[in-house]
Each structure stands twice: as C-alpha cells, then as structure tokens.
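Asks: Each chain is listed here by its residues.
2 protein chains.
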Amino acid sequence: MHRVALCQINVTVGDLPGNRARIARAAQEAADRGADLAVFPELAACGYPPEDLLLKPGFVDACGETVLDPPMDLPLAAVVGLPLRDAAGGALCNGAAVLAGAQVAARYRKVLLPNYGVFDEQRYFAAGDRGLVLDTGAARLGIAICEDVWALSGPVREEAAAGASTILCLSASPFHREKQAQREEVFARLCRAYGVTLLWCNLVGGQDELVFDGGSLAMDPGGRVLARAPSFEEALLCVDVPAKEAPETPSPSSEPQREVDVVRLPLAAVHREPLRAQVRDAPEELDAVYACLVLGVRDYVRKNEFADVVVGLSGGIDSALTAVVAVDALGAEHVRGVLLPSRYTSDRSLADTTALAQALEVRLVRISIEEAFESFLHALAPVFEDREPDETEENLQARIRAVYLMALSNKFRWLVLNTSNKSEAAVGYGTIYGDMIGAYGVLKDVFKTTVYALARLVNEHSGRERIPAAILERAPTAELKPGQRDQDALPAYEKLDPVLEAYIERDMSAREMIEAGFDAEVVRTAVRLTDRAEWKRRQSVPGVRVTPKAFGKDRRLPITNRYEG
Amino acid sequence: MHRVALCQINVTVGDLPGNRARIARAAQEAADRGADLAVFPELAACGYPPEDLLLKPGFVDACGETVLDPPMDLPLAAVVGLPLRDAAGGALCNGAAVLAGAQVAARYRKVLLPNYGVFDEQRYFAAGDRGLVLDTGAARLGIAICEDVWALSGPVREEAAAGASTILCLSASPFHREKQAQREEVFARLCRAYGVTLLWCNLVGGQDELVFDGGSLAMDPGGRVLARAPSFEEALLCVDVPAKEAPETPSPSSEPQREVDVVRLPLAAVHREPLRAQVRDAPEELDAVYACLVLGVRDYVRKNEFADVVVGLSGGIDSALTAVVAVDALGAEHVRGVLLPSRYTSDRSLADTTALAQALEVRLVRISIEEAFESFLHALAPVFEDREPDETEENLQARIRAVYLMALSNKFRWLVLNTSNKSEAAVGYGTIYGDMIGAYGVLKDVFKTTVYALARLVNEHSGRERIPAAILERAPTAELKPGQRDQDALPAYEKLDPVLEAYIERDMSAREMIEAGFDAEVVRTAVRLTDRAEWKRRQSVPGVRVTPKAFGKDRRLPITNRYEG
Chain H
112 MHRVALCQIN VTVGDLPGNR ARIARAAQEA ADRGADLAVF PELAACGYPP
162 EDLLLKPGFV DACGETVLDP PMDLPLAAVV GLPLRDAAGG ALCNGAAVLA
212 GAQVAARYRK VLLPNYGVFD EQRYFAAGDR GLVLDTGAAR LGIAICEDVW
262 ALSGPVREEA AAGASTILCL SASPFHREKQ AQREEVFARL CRAYGVTLLW
312 CNLVGGQDEL VFDGGSLAMD PGGRVLARAP SFEEALLCVD VPAKEAPETP
362 SPSSEPQREV DVVRLPLAAV HREPLRAQVR DAPEELDAVY ACLVLGVRDY
412 VRKNEFADVV VGLSGGIDSA LTAVVAVDAL GAEHVRGVLL PSRYTSDRSL
462 ADTTALAQAL EVRLVRISIE EAFESFLHAL APVFEDREPD ETEENLQARI
512 RAVYLMALSN KFRWLVLNTS NKSEAAVGYG TIYGDMIGAY GVLKDVFKTT
562 VYALARLVNE HSGRERIPAA ILERAPTAEL KPGQRDQDAL PAYEKLDPVL
612 EAYIERDMSA REMIEAGFDA EVVRTAVRLT DRAEWKRRQS VPGVRVTPKA
662 FGKDRRLPIT NRYEG
Chain R
112 MHRVALCQIN VTVGDLPGNR ARIARAAQEA ADRGADLAVF PELAACGYPP
162 EDLLLKPGFV DACGETVLDP PMDLPLAAVV GLPLRDAAGG ALCNGAAVLA
212 GAQVAARYRK VLLPNYGVFD EQRYFAAGDR GLVLDTGAAR LGIAICEDVW
262 ALSGPVREEA AAGASTILCL SASPFHREKQ AQREEVFARL CRAYGVTLLW
312 CNLVGGQDEL VFDGGSLAMD PGGRVLARAP SFEEALLCVD VPAKEAPETP
362 SPSSEPQREV DVVRLPLAAV HREPLRAQVR DAPEELDAVY ACLVLGVRDY
412 VRKNEFADVV VGLSGGIDSA LTAVVAVDAL GAEHVRGVLL PSRYTSDRSL
462 ADTTALAQAL EVRLVRISIE EAFESFLHAL APVFEDREPD ETEENLQARI
512 RAVYLMALSN KFRWLVLNTS NKSEAAVGYG TIYGDMIGAY GVLKDVFKTT
562 VYALARLVNE HSGRERIPAA ILERAPTAEL KPGQRDQDAL PAYEKLDPVL
612 EAYIERDMSA REMIEAGFDA EVVRTAVRLT DRAEWKRRQS VPGVRVTPKA
662 FGKDRRLPIT NRYEG
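For the protein sequence lines, the chains are H and R, in the order given.
In terms of the working numbering, the first sequence is residues 112 to 676.
In terms of the working numbering, the second sequence is residues 112 to 676.
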C-alpha cells in the first residue's frame, strides 16, 4: 500500500518564499510520519485567490521559479498546486506539479474553472483539457483540482476509465454555513458514480473575506468518510491507499471525451501496519461559524502584520461579540475596547460595557464625544439655520466616534475592527464613515439573529458570562437620540432576517417571497432598503464570509439601478 | 437600398419601463427620418452592465416581458439588445431580438463573452454558438454583439460566408483614453478580412464607474469610416445600405465552424436620395477625457435621483477641476463649494478659493474646523500622553472636514463629490474617511499631471480663467502641517505618474520598469506605496473610469498580499 499525506496548510497570498518553506516543512513532517506521497492544496505555492496578481507576468514567473526552477527537492513525492502555463507555454492554467526526486514527474491543469459567486477563474485561467493518472506500479492515482470534483463531467470520469481507483484532489474551497455537508454530498455522488476513493486536501486559513476551513478527507467508493482532518486549523492527514486496488465500478456510463496522460511515478508499495483512521467530526454549524470568525480575524490581522486591534464598545451585542471573537483570535492583551459616550448613552450601556471589558480582561479607553459634538453643532448652526434635527445629528455622533477610533488606530497602530452585522449592512442601518468604518468587519456576514445565537453559544461553551446577560437581554438601540430602538425604524430582526436571507442569499423576488408566506410589509421594506443601500456597501469594510452569499465580491450589484425587487 | 438608424441612446440599468419608452421614442424618430431598420445598443432593454441583477430570475423574466411579451410594436423593424434564454429556455445569453410588425422575427445570442478588465460576462451568460443573417430580399445583414466584432474568430466569419455584406453590431463599449482609435483599428481589420460593411451602434451614458461614449459608426469593407455619430451624447445616425450588395471578398481563409441561421426579414428596398454621410470627428484625447468626466458625473448624479452636489474646495487644483466638471455637468446653481480652513490654511488658499467660486458662480460655504480640531486634541491628550504629533493629527483634520461635508450632505441632500486623483489613490496619499470620502470620485482615474493638463484645457476652451492661474501655478500641498508640500513625501508627479501608469495600467514589474529606464528609486517607492494602499482603495468611492485600467473592478488585487512588485 501507499501512505498519502494530505497537507492541510495555511499559506499567505503572494508570500512565495514563506509558502515554499511551509510546503517543505509539511513534506518533511509527512515523510517523518511514513508517508510516500504528499498532497498540497490548490495554488499552495502562491495562496488562493491571488486575483489580479495573476495578470502580472512577473508574479507568474516567480511562482514557477519558486517551486520548479529547480524543482523543490522534497523527502517524498508531492503534488503541489501552482499557476502553470499550458503545454505550449502560452495561456495560464490553474495547475499542479508532481514532484519526485527533485524532478517534475508530471503536470496537471484544472479542467473545470468556477466563475460564479466569489470565483473569477475564467478571468485568469485557460481550462485544461486532459486528465492525469499517476501509475505507481502498485496503484493508479488520478489528479484533480477543486471544481474538477464538483461535477460528474469533470476529468475524474476519464481518469477512472483509465484505471484510477484513487483520486487526489487539491482544493481551495472556502467555508460558508453548511458547506462541509454540501461538499460531502457532492463528493459521495462522484465516488459512487466512478467507483473511486477520493483523497481531498483543502486549504486552511483566512484570505481577506474568505476563510478556507480545511476539513480534508478521504472518502471511499461508497461515499463513506474514511478519514477527516480538523476544520479551521493546519493538519496533516495520513491515509493508506491499498496497492493493486481495482476499480469497483465498471466504466462510466458516458463515453470518455478527454484524453488522459498516464505517467509512471514509481513509489515503493510498503507493507506496514495500516493506519487507524482519524475521523474528526465536522463541527456543528454554529461552532463552525464562530471558528470561522476567529480564524478570519486572526489571519487578517496577522497576515497584514498587525498585532493589536481596537473595538468601539457601545454596550450592545454586536460590539460585545466582536470583542469576544477578537480575544479568541488574538488574546485579550492584543484587544482594546473604546467607550465613546454621548448625552444619549445610558448608564446601563456604561455599566454593561465595563462589565464586558472586565469579563474579557480587555483594557478599556473612555473618551466622551460631547465636547466634539457640541463644537460641530455650534459651527454648523449658522449654516443649518433653524432646521429641525434629523438623521444628520445622529450620523454626526457616529462619525465623531469614527474619528476617535481612527485617531487611536493611527497613533498606536491598532487595527479597527468593525462591529456592524449583516442585517444592518443589508438595510443600510448604519452611518457611512461612522459606525461603518474599520479595517475588517467581524460580523459583516452575520445576521443579527445569528449574532444573538453566537453570543449565547460563547457563554454556554465558556460556562460563564463572557458576554454579560444584561447585554444579551437588551433591546437593540443605536443610542443616537432619546429613547431610540432599532425596532422603531426596522421590522423585528426575527421577521427581517429570514426575508433578507431569502432576498440576498437566494435571489428570491419580492413576489416570490410574499407567495412563500413572508409578511408582505416586511418584504417590501427589506427589498426597498436593501436596494437603496448599495452605495453604502460599496465603501464598506471587508469582512469574514460565513454564508453562501456575502456582501462583497460574492454579490455584485450596480449602485445606479432602478430595478425594484 | 435600406436606411438603417443606429440609435445611440442613454438608458439606465434596471429602469425597464423607462428604457422601453426610450427605445420606442428613438424608433419613432428613426421612422420619421425615413429609416427602415433601427439598431439599438447591447442590452438596451435593461442597461449595461446589469451585473448580478442577471442572477435574479425575476429580473430576467421582466426584461423579456418588457420587450417581447407582447413584442414591442414599433413603426419600423428593429434589433434590440436584451438578456435571452438559450433556444431550450435554459441558460441565459446576452441576446438581441429582431422585431418586425409586433413579431419576433429572429433571435441572436452573443458568441464571444468578454471576461477580463471590467467585464464579467462569463459569470452570467452562456455563449451563443451560431450566427444570424437577416435576408431582407435586397440585402443580407449579419448580426453581432460587441465582443463578437473584436476578434476575427467571431461569428462575422460565418455570417460573411453566408452572404452577409453588412454587419449590424449592438455594442456597450465603455470609454477609456484612446479607445475610439483602438476600436476603429480593430474594426477595420475585421471589415477588410471579411469584406463587410460594419454598422456599429454603441451605448452612451454613465453607469457607476463606466462611461459609454457612443461614437457609433459605419465602416466600409476597406476600413474607411463612412459615418460617425458624436461622442458622449445621444444620437441617431442614419446610414444607407445598398441593395443587392455583393461581398467584396471571397470566402474567409479558415473553414467556417459555426452554423448560421438565415432568416427572412422583408424590408422594402426604397429608392430614395442617398444620405449625405454625417462624419463627426472623434474628439481629441484630452477633450474626450474631459467630456467623459462631465457625462460620468451628470449621469451618476441624475440617475441616482440627486440634483445638487457639494465639493470641498481647498485652493488646490484637484478640487478646482472637480468643481468645474460639476458645473459643466449640472449647472453652477446645482454646485456648492465648501471651504473648511484650519490653522494651516494659507491666505493664498482662502483667496484662490474665493476667486474660483466667483469665476464659476458657485455659492461658497465657509466653516472653520479649528474649534472641532481643538476639542479632539483636548479629548485625546490624556490618551496620547506626551506622544509627538504625527500623521494622526494630519488625518484628524482631514476627517473633521469629512464630518462637515457629510453633515451638509445629510441636511441638504447634496451629494458629496470626491476630489482625489489617481496618483494619490495609487500611493495612498490621502486620509481614509477624510479626503477620501464622497459619493463619486470625479478624478479617481485621472493622474495628477493629467489634472493639470485638463485644467489648462478648461481655461483655453473658455478663453478665461475659470480656474484661477494662481491655483494652476501653485505647488501641491495638503496644508495639514506647516510648510507641507506633496513633493516632500512623494516623488515629483512628473516622474511618479509615468511609473504608476506602467505599473498599474500595464502590469510591468519593478525590474521591467527599471530596465525600461525609469528611475529606480521612483519605481521602488511607487511600487511599495501602491501595494500597501490596497486596503484604503477597497473602501474608496466609485468614480469615472478614463484609462485602460482604473482602480475598482478593473483591478482586483488582494489586500492580504505579500508579493512585492
């Protein structure tokens, strides 16, 4: 049999020397653990997604040079993802190099290129047109990259027909809610259709808005998970591939349409004690969302070479959860809370914020915004004449707070974490250049009702009130005028969030939502507000994606747009 | 002969009833002017680009219903661009419907789908696989959509082989510097290769960052421009197509690979006095850039249903040019200037701003930022302790100005125009949430050296100092600390801009630029600063695109990115 190590590593986009070193270290660990072959994630050499770096010829050349010129001399054979030119040296492909004994034994080029959702691969890559099977002497191993295993029309069809009983798949598949279950369903269909074992190696780590969750796995031809790596952390999952394994299934139903390169890759078929399978349970959905937020924040901060963050704490649930995530991502000593009270800030907000900071052991800075607020009102009075106060004065307070947060950020190099949630971002319930500021949006893709659920989860798991119960129990308020409550301006979040989910994540029309039984008034309000807030979102912070469709490059709507619903 | 009207109209994304009405009006005008056939721009029914509206099934259905259900009853035959399902009713295509006598005479689906630069068509559309030729009895007219005529491998090849001597092309081709010359070169190659006359109808109008410049034209098989519509305005260009025209060129060199639908579209071949060709000169490059800025601003403001704008005037060239563009776009009565002086604002800045406002007949609001600045410094002093002043205090002033501009915007519904130029956006020489704020960036894609050139052009064309000479002659300064000049922090713009152009618009590497003779120190500074400012640009305003590669969806770089140069 062969022992294959799925090297679920956390690389950084553009850090070619760093990624190379990480690949070398993982390969050494794989060899130390008795593996014969190491599999790395998609585009491990350069990180995923490199976006328009791929349009720089110098970058593409540098990726190739880092891994192939000369070929990395690893202690075992390895399949490494990197950008590769086509066979003629022309068009760029999303590739994999098979390295063995400081030689390039074979090259593979991704056949199916996703160009939907957050993916733009057809912007960069030409599609490969052929499969690759490695003949080790003892087994036939097909190669695939990510999207290639998501459709039955991919190269696995031809590779299985060419005798591959095991497929090695290099992947960079980002997390969203329910993604792992969705993956395993799709993979099971593939394994059963072609009678193959799938060894799927996924990237792990945060990259701007995306978090790759790992969860690499081995699945047998019956669609059963044989082994699964942990999610949201680096791991090296070793899996045994029996020698001389024969395909369980006859040739596929449809006629093979692509050619397959069959390349000899001699690997000793070692007789050794079979591994006990490691099968880590996939995390529960809410746990996974929380872990995703933590990893997203940690990697954004650290990969951008910051150490410390600052969170504006209001006494509300959003800033409280943001602070908890930050503490779990970076450690309490790297998190500062800032309390910026005004004349409208209640004693309760002050007390709850103090309690929160104490519970989290986070240092708290307190600066009143009153003096600045007064000075703006005074200077504006002659221009505003005797106009009534309106949202202008509310936004003014939010923007003064932003000025303070940014001043602290500039002076102390604390990165500002934004605390807005997805419900607010959807309906535009936030002040641009005010509470919408920050370097990174922790809750950007988390609906308000999920914010509550995550906060309860945090307290349950810790067995204490990391988030004071008073914060959890309180009705949401922006505290920008007397007696203000979110619910006076918006439908109740319990009613609003399901409508937003249907509208944003499932592209349902207003008519369809009303027909599906949602409250017509809530639907009309949600659609109108969401459509009108596109201009604000265009300038909003990047933030962790946790749902099937986040604001950002996942959802690209025009600002100038008169279509309703 | 037939008389074809190229209806260069300005539609609005998502405004289906409005666009329908505009199509009907243009068709009536075309009929009144004796045309037999009207050609409209690409996706005229819904506007271009509709982006992810196309992922909403309700939107696609509504587009179809607006034009086809029942088919629009126009006073002449017409070719109208709209999203169309494929023949099986499944995948979505970028289509054209041929309407005649309230019937759909034929459907065409775009074959070549651009997926580079600002285009994401493969995200939305499946490619058509066949040409369409309309046989009028007197002539054979091939149909194509935009990208289809940019490559010799497009459907014109097969349509010409099927006897089409004239190609009707529906287009939505956005402006950038030198675009019209580039187009005409590409089209001439096509016309000569296949011996066809090209009637090219382009969209006109601003849509978020893009400005479609019109310039619709007729080109003969020799590549000569027979007629050309004006740029940057609506127009109806009538062109005569001779009856029984025979292809001048033999069948194309390569074997036709696509099928072609040949559909009868009976049109009377009227004998009438031939038109005198209208050949409007394409505008000079700088004139075109200026016209693009004006149209971009006008359409952004009006299509988003604003009437008035506000510009922060500093006494510098950027805000002066921004104000001039705004006045030319909207009229002086719709433009407010705001002067926000601090302790560092020179008397010269005050005088020059006053002179500018007078020259432009723009009302000027003046508010000192000193009181607010003092109040922030006072409140921050205990937290900052005895740290030295640094960029924090400079940013503070810029952010206080932003708070004032936004307060005026909120109170009076004046849309804030941003005044930052492309050189500053590139190197990050601007304050996020400070001078980087606004609804729309007039100079976002204009390098500083081009700002000067445009300002001189404005004065030349008007024959007076709309922009006071004192502003043109002054060394750039942010006036955020005593004696500050841009040139103390940055290379001279005359040296910097060409390097930025090579790096940003041509993706040259640092090494390549140095080898090409650019100053190595300037190159290293420009690359380092540009790479590090990606996080700021991600939250920057949308703005008019005037170059081959603007910041925005044209250039999609990761924030988290360790690759250098």
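Honestly, the hints are just simulated from the structure, not real lab data.
Hints are not guaranteed to be accurate.
Copies of the same chain look alike in the list, so a pair counts if it fits in one copy or across any two.
Below 25 Å or equal to it, Euclidean Cα-Cα: the simulated SDA-like pairs (lysine to any residue) are [to be verified]:
| id | residue 1 | residue 2 |
| --- | --- | --- |
| 1 | Lys-167 | Arg-643 |
| 2 | Lys-592 | Tyr-455 |
| 3 | Lys-664 | Pro-593 |
| 4 | Lys-606 | Pro-353 |
| 5 | Lys-664 | Leu-591 |
| 6 | Lys-606 | Arg-144 |
| 7 | Lys-664 | Arg-617 |
| 8 | Lys-167 | Arg-617 |
| 9 | Lys-647 | Phe-523 |
| 10 | Lys-606 | Ala-132 |
| 11 | Lys-664 | Arg-375 |
Asks: All the hints need checking, so say for each whether the structure fits it.
Replies: A quick look at each hint next to the structure:
Only between protomers do Lys-167 and Arg-643 lie at most 25 Å apart by alpha-carbon distance; the minimum there is 17 Å, versus 37 Å within a single protomer. For the homomeric pair Lys-592 and Tyr-455, the shortest alpha-carbon distance inside one copy (6 Å) is at most 25 Å, but the shortest distance between copies (35 Å) is not. For the homomeric pair Lys-664 and Pro-593, neither the shortest alpha-carbon distance inside one copy (38 Å) nor that between copies (42 Å) is at most 25 Å. Taking the closest pair of Cα atoms, Lys-606 and Pro-353 never come within 25 Å of each other, the shortest separation being 54 Å inside a single copy and 64 Å across copies.
Taking the shortest Cα distances, Lys-664 and Leu-591 never come within 25 Å of each other, neither inside one copy (32 Å) nor across copies (35 Å). With identical chains, the CA atoms of Lys-606 and Arg-144 are never at most 25 Å apart, being 53 Å at best within one copy and 56 Å at best between copies. For a Cα distance limit of 25 Å, the shortest separation of Lys-664 from Arg-617 qualifies both inside one copy, at 16 Å, and across copies, at 24 Å. Taking identical chains as interchangeable, the C-alpha atoms of Lys-167 and Arg-617 lie at most 25 Å apart only when they sit on different chains, with a minimum of 9 Å there against 35 Å within one chain.
Taking the closest pair of Cα atoms, Lys-647 and Phe-523 come within 25 Å of each other only across two copies (18 Å); inside a single copy the shortest separation is 28 Å, beyond that limit. For the homomeric pair Lys-606 and Ala-132, neither the shortest alpha-carbon distance inside one copy (50 Å) nor that between copies (38 Å) is at most 25 Å. Proximity of Lys-664 to Arg-375 under the C-alpha cut-off of 25 Å is found in neither arrangement, the shortest distances being 42 Å within a copy and 44 Å between copies.
Going down the numbered hints, you'll see the structure goes against 3, 4, 5, 6, 10 and 11, while the others check out.
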